[in-house]
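Knowing the structure of chain A, use the given hints to seat chain B on it.
Those protein sequences? They're chains A and B, same order as listed.
Taking our numbering, the leading residue of the first sequence gets 1, the next gets one more, and so forth.
Taking our numbering, the leading residue of the second sequence gets 1, the next gets one more, and so forth.
Warning: the hint list may mix true and false statements.
[As the list claims (entries may be wrong)] FRET-style restraints, in silico, Cβ to Cβ:
#: 1; chain 1: A; residue 1: L61; chain 2: B; residue 2: H365; range: 28 to 38 Å
#: 2; chain 1: A; residue 1: E119; chain 2: B; residue 2: E355; range: 55 to 65 Å
#: 3; chain 1: A; residue 1: S147; chain 2: B; residue 2: M1; range: 44 to 54 Å
#: 4; chain 1: B; residue 1: E355; chain 2: A; residue 2: P91; range: 27 to 37 Å
#: 5; chain 1: B; residue 1: E355; chain 2: A; residue 2: V55; range: 52 to 62 Å
Hints were generated in silico from the structure; no laboratory data involved.
Source: prediction; values computed, not measured.
Even for Gly, the Cβ is constructed at its ideal location relative to N, Cα and C.
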Amino acid sequence: MLKIIDLHATVEGEKILKGINLEINKGEVHAIMGPNGSGKSTLAKIVAGHPAYEVTGGQILFEGEDILEMDPDERARMGIFLAFQYPVEVPGVSNSMLIRQAVNAVRSERGIDELDPLEFEDFIEEKLKLVEMDDKFLDRSVNEGFSGGEKKRNEILQLASMEPRLALMDETDSGLDIDALRIVSDAVNKIRNSENAFMLVTHYQRILNYITPDKVHVLINGRIVKSGGKELALQLEEKGYDWLMKDQLVNGEA
Amino acid sequence: MLLELVDNALVNTAANKSLMSARQNAYNQVQSIPFPTSKDEDWRQISLKPLTSNNFVAAKSGDVTSIDIKNYILKEADASHIVIVNGFYRDDLSNVSGLPEGCFVGKLGDAPAHVVEAFEKHYSNVATYKSDAFVPFNTAMVRETVIVYIPKELKVEAPLQILYATDANENIFSNARTFIFAERHSDMTIVEDFVGKEESIYFMNAVTETVLSDESHVTHIKVQRESTKATHISRTASLLARGSNYNAYTISLGAALFRNEPMALVDSENAHATLDGLVIVNGNQVSDTHSIMDHLKENCTSHQLHKVIASGKGKSVFNGKIFVRKDSQLIDSFQENRNLLLSEKAEVFTKPQLEIFADDVKCSHGATIGQLSEDEMFYLQSRGLSKTTAQQLLTYGFALDVIENLPVASLREKLSHDVAELTTDSDVEVTYLES
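Looking at chain B on its own, in the form it has when it is part of the complex:
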């Protein structure tokens, strides 16, 4: 399926030599790697029908026809956002004037030499997923890679928002590619935000690679709020150097089918990775997270809290792989998957998968599936709160420990409201903790 798309729409405009060779390699891989089927263990729980049953075409333009881009820009990122529509870079809708000097966000063609150097060294070397056709498809096809470069010793205060919007009148596919490079002792928050025209059918294939140098801190938030008829396949890979800190939060709200594969390669001592997630599925939505937390060196810590709220006929899949390699002693790893079912027809699959080859490690993991507790409901109702309000408060409370860690206030507020909207028939105004 991907092969057809590649043959029909390969764009060969790359000026950069290493990019060209990466593309050529990727193109060859797409031809040799089979498309996943439900017989593959890692794809067993979901159907790729939304992807295979539609004829997708390449987007012809990045014109904005129906959605209001301004509505999606986070207020904290007023002067630190870039916008890509249907895979086309939109300079005119972007504004990075609020970013400090030395920080580069933009296209490869505009990047200074030292940024290009970092790019050439790591591009396509971080998102190394086995037997995977989607990353090569992205590499071969992507129109423009968004490059984020944070210079050493710099803390960027404003969050950077990268808005990937899909807005077309036909069933298009597009690729989003982000490359983040954090130099030594740098610190930045990056929000990758995926939105689309309501009710439209499209295929978004997104790949993000993040490279963290020594002692750097990157907070990486991915917000997936695509059209509820879209398919979004996502790979977010990170490579962590000594003492670095990578905190990733994936918020899954939209799409008919969302497949997300976060991967943290904790490849040096004293590094820390967080791969938290909040998934909300409703209607017939399917959200599938297959994560990899790979401890390649000793003395590292990791944290993974994956929370799911499943309503309607929504379906959630979680497979959390944790690897601790043979010589990676003194690892402290935490994984927890908690699932809240709000309807009888919602479905949840969970599979923690720990493969530990070192003997002096601490790895805790747990998975729970439950409903709102009768005692908690009774407690709130006995305080005069209606059933709906009580449900809203408890659902909000369930999602809170993921939401409260997001360092962007307007995003926290938005999510609070999304969570509240899950329980319908509300006639009560609910106010939240946010100031």
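Looking at chain A on its own, in the form it has when it is part of the complex:
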């Protein structure tokens, strides 16, 4: 589904990614772990098409198609979704308006009839249950005045509604209390199926207790330095990142 080949990227002249290779197949959940500043959030944003980053080399293929020249909205309509680490507040735009437009944008791309406001009400009700959100959040401006946890749940509500093929989750777990973490993870587990895929960017192993990954990759200093199964996450929890960073230094590539 997603194939990243030797990806290099910079932001404001500074090298952030230094040759990433990664392949995610449908039905898989991949966790990208790493210390702060390692480039893991950047990777997610670049796949989604954030304009602040410049790709200086390599390729990103989605369903076999090179997406690097595509605008973020085109990628979204193709089925790539990014759950933001810091969801943006959009005053004056109601949450239901945004989600309905988003849902209809992907539906029309997939050749499915768009939802009118009434059909949307039924549609969104199911999705709200999934993230245990009150429908009062629909009438409020997007993320405005939401608590940290509410913002994250709102991201998952959008994810559930847009039904992406590839969901990139950028530190969705950070700042969540246990209850919110459980709700978010349960929702992801229900959305997860054999046709879609997830890339979980996380600093901590905690969320992986709830969402079992198929693969774990450790990103340090712009490179994937180690990949493994779910047991790698536990190892990281125990030993931290230092032992992998030392390896890097030994190789003289820090």
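Just chain B now, kept in the frame of chain A:
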């Protein structure tokens, strides 16, 4: 320049004695006060060329030739609107049957004695701008003053719309004059709406005076949607008595050159004044707001949110003066000017100007100039929304906190659409929060 116009077209038909003497005084002032130039600090950022380079003539009639008045009447003001065309009062196009008894809206000649009394006491005493030739020009020249009188203890539910339309085949000038008097404990919303024949060149000189008695509430909305080739010079002055509440919103959409000078004289304790504004400039439009918020007594509050969306080669100027006089303690004043630039060639000037002579006050102010945020754009686009739709939504969101305060739903809807139209090449239907 104004002097020539005065000499050529002075109308001396006033029957009322105090009006006559006000006119005579004003006429003398026009002769002695020099016309502003770009050397004057308060006129530095704009050019008055649209005003001086055209030969304007007085309108000869109030005939409607090309615009459809009905189109402009707000649905909430269906039975509470009056229409003035080219400075001529049009009874036949007006309808105030929906206003409650005791409320007077009309010409001085038709006003009952107690309304005339209020008028005589305050007329020309509120719009006291220093070294200003435009108010005297208006006073000397205006054909008819629209008088709005709200009796005590009365809340008027329907908004009153005063439609000033300009519709002529030559370059005319006209004066609009509104006098609003709110008695004790009264409450009313007044929409002054300025429209004109598309693409026509004219000069509108408008003056509004609002007098608020104790505990009265007046919401005063000025909508300037003139022809984009017109010049509109505007003075809106208000005098606030104890515990009164004056909420003014100026919406600037039209005109090649718009100069607006709102002034609130907060002249008694516990009064509150709002002078909010929404300015949209596009093409070569210039919109200039020079405001005065004057706290003359203690224990008062004021609010000024001035939002500007500048597109094309549009230009906006904001100078917000806030005065807190020496003994005016415990004032709580807020001023914010936010500017959104949608193009590289748009220009914005902002100058908050606070002069505070009391020591126990809270005055906050701020001014920002920015573009649509990259993060917000990316967020909306990552939800599959096209760039255009994302721009529209964010621009709308920017304007919203001024628009949402307008107590007239059809006006809110109209403005939402105007804001959306600013970003072109739209193939996406955008729906808004309005019901």
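Now the hints, each set against the structure:
1. A/L61 - B/H365: 28 to 38 Å: Given range 28 to 38 Å: violated, Cβ gap about 53 Å.
2. A/E119 - B/E355: 55 to 65 Å: 58 Å Cβ-Cβ, so the 55 to 65 Å window holds.
3. A/S147 - B/M1: 44 to 54 Å: Cβ of A/S147 to Cβ of B/M1: about 60 Å, so the range 44 to 54 Å is violated.
4. B/E355 - A/P91: 27 to 37 Å: Since B/E355 and A/P91 have Cβ atoms about 32 Å apart, the given range 27 to 37 Å holds.
5. B/E355 - A/V55: 52 to 62 Å: 54 Å, holds
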